[in-house]
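Chains as they are written, first to last, in the numbering used here: chain A, 2 to 274; chain B, 2 to 274.
Just so you know, the hints here were simulated from the structure itself, not pulled from any lab data. Treat each hint with caution, since some may be false.
Any copy will do: because identical chains look the same in the list, a pair fits if it lies in one copy or spans two.
Stated by the list, open to error - Derived pair list, reagent style DSBU-like, types lysine-lysine, alpha-carbon separation capped at 35 Å:
| no. | residue 1 | residue 2 |
| --- | --- | --- |
| 1 | 146 | 205 |
| 2 | 250 | 146 |
| 3 | 160 | 200 |
| 4 | 267 | 250 |
Protein chains: 2
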Amino acid sequence: MKRKCDLPIGVFDSGVGGLTVMREMIRQLPHEKIIYFGDTARVPYGSKSPNIVVHFSKQITRFLLGKQVKLIVIACNTASALALEALQGQFEIPIIGVVIPGARAAIEATQINKIGVVGTDATVRSGIYTKIIQGMQSNIQVLEKACPLFVPLVEEGFKEHPVTEEVIAHYLASMREAEIDAMILGCTHYPLLRSRIMKYLGEKIQIVNPAYETAMDIKGILAAQNLENNVAMVDTEQYVFYVSDAAEKFQEFANTVMPISVSETKVVNIERY
Amino acid sequence: MKRKCDLPIGVFDSGVGGLTVMREMIRQLPHEKIIYFGDTARVPYGSKSPNIVVHFSKQITRFLLGKQVKLIVIACNTASALALEALQGQFEIPIIGVVIPGARAAIEATQINKIGVVGTDATVRSGIYTKIIQGMQSNIQVLEKACPLFVPLVEEGFKEHPVTEEVIAHYLASMREAEIDAMILGCTHYPLLRSRIMKYLGEKIQIVNPAYETAMDIKGILAAQNLENNVAMVDTEQYVFYVSDAAEKFQEFANTVMPISVSETKVVNIERY
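Just chain A, with the same shape it has in the complex (with noise of 0.2 Å):
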């Protein structure tokens, strides 16, 4: 019989942002199996309603549980934010998001107690950073600020075009006048332009990525629950992916942000869960 560490981590994320948060893992937990689900033919869930992303998630952690996984993280900022309570009532595995480590990092990370989170509008909307970091230290400031626009300009690959610089100043000059000194990347694809971000609002700014700190928190919650794999892998089975459309494109992304080659993607039909 199979003992529950040797199981794998179900990570899923609206697209391929997620896989930042899973790289992060490969390096933090090298011994891990993960199974990694990306909703393509959804995507993205950023401008959506909270119904519809609780909706997708449940689907996804009944595809997961499926799979057999002994636990589930929400690699997506939206989702973390809009489904995660739904989800940790409903089902009986350890879940957990982005959202709350990201806060942690942030409180950490402030000197003058005036924290800035960029993200979807959904998560935005939420409100879900404000009210994490301002319950675990009520004296911060929380500037939230949604940024639709980055994601298309990451996709479209205008990373280092002078149009990205005119977007960041749109979005960010509220912050910069604020005088932030830690700001929250809020969405997988952020960190794509944490440099740019870093130049317009200076040097000094502390910027937090939500999935370093989400990948250590995993290690702890496996340690305290004994669902540590300690084992090398002999299994060449170690990573698999699947996502809802588009596998040939997902891939080609997926072999140029991961530190291992991704050599096949299984579609599924995630509306049948």
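Use these hints to put chain B onto chain A, whose structure you have.
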């Protein structure tokens, strides 16, 4: 018993863009009942695979058939490009897309047989406009260009922002160089950038918005098949709106572009169809 000509026309799009087609239908076909469906849960289609766009389009067609429509309009360039044939092969009802009417209008507009087409990634990758145009008139040169940033820029309210001018120049430089004299706006959002695009390409350019031509075609098909409704409505339910997510946001937008007041939008679980 209801006569067939009294039945509504079904119109669908991946989101709100198809409202520009419906608006034109209201103008040209004031006596027709129209049922609109916007797939706001899964928008956009333009970055997705042909398989999934066909799958979504079939679900929506089944939903509309359940509402006893007499004709279906695919008011979305991507779905017209990728799914029209599949739908026509499977369903008995007349189904019309926006690509053929747009292509025909552009052929009429060009004097020098050089047409430009802008659209989503999926539409341009399909090469459908080139195929249809050259199938109608083989000596026409067609330049197609995907412009994935146009939709997010419009949706973010950047219509008048200088950034939009730069992005237009980025995408359309090769078209300006090639001195096309007719341009198809092959995505229902793009007419909102019409004046900016004209300014860049020069006032002599003929801009084709397939919405107008599509409404003309619908009129012709209804007449040919004796399906026209020529009686003025007393029915308050002349226009009915369905979406798969975020009804309120949809309705807010609809009320900014439609010549009628949209007071109700119903949410449908489209996966069930």
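(message) Output the indices of the hints that this structure fails to meet, ascending.
(response) none
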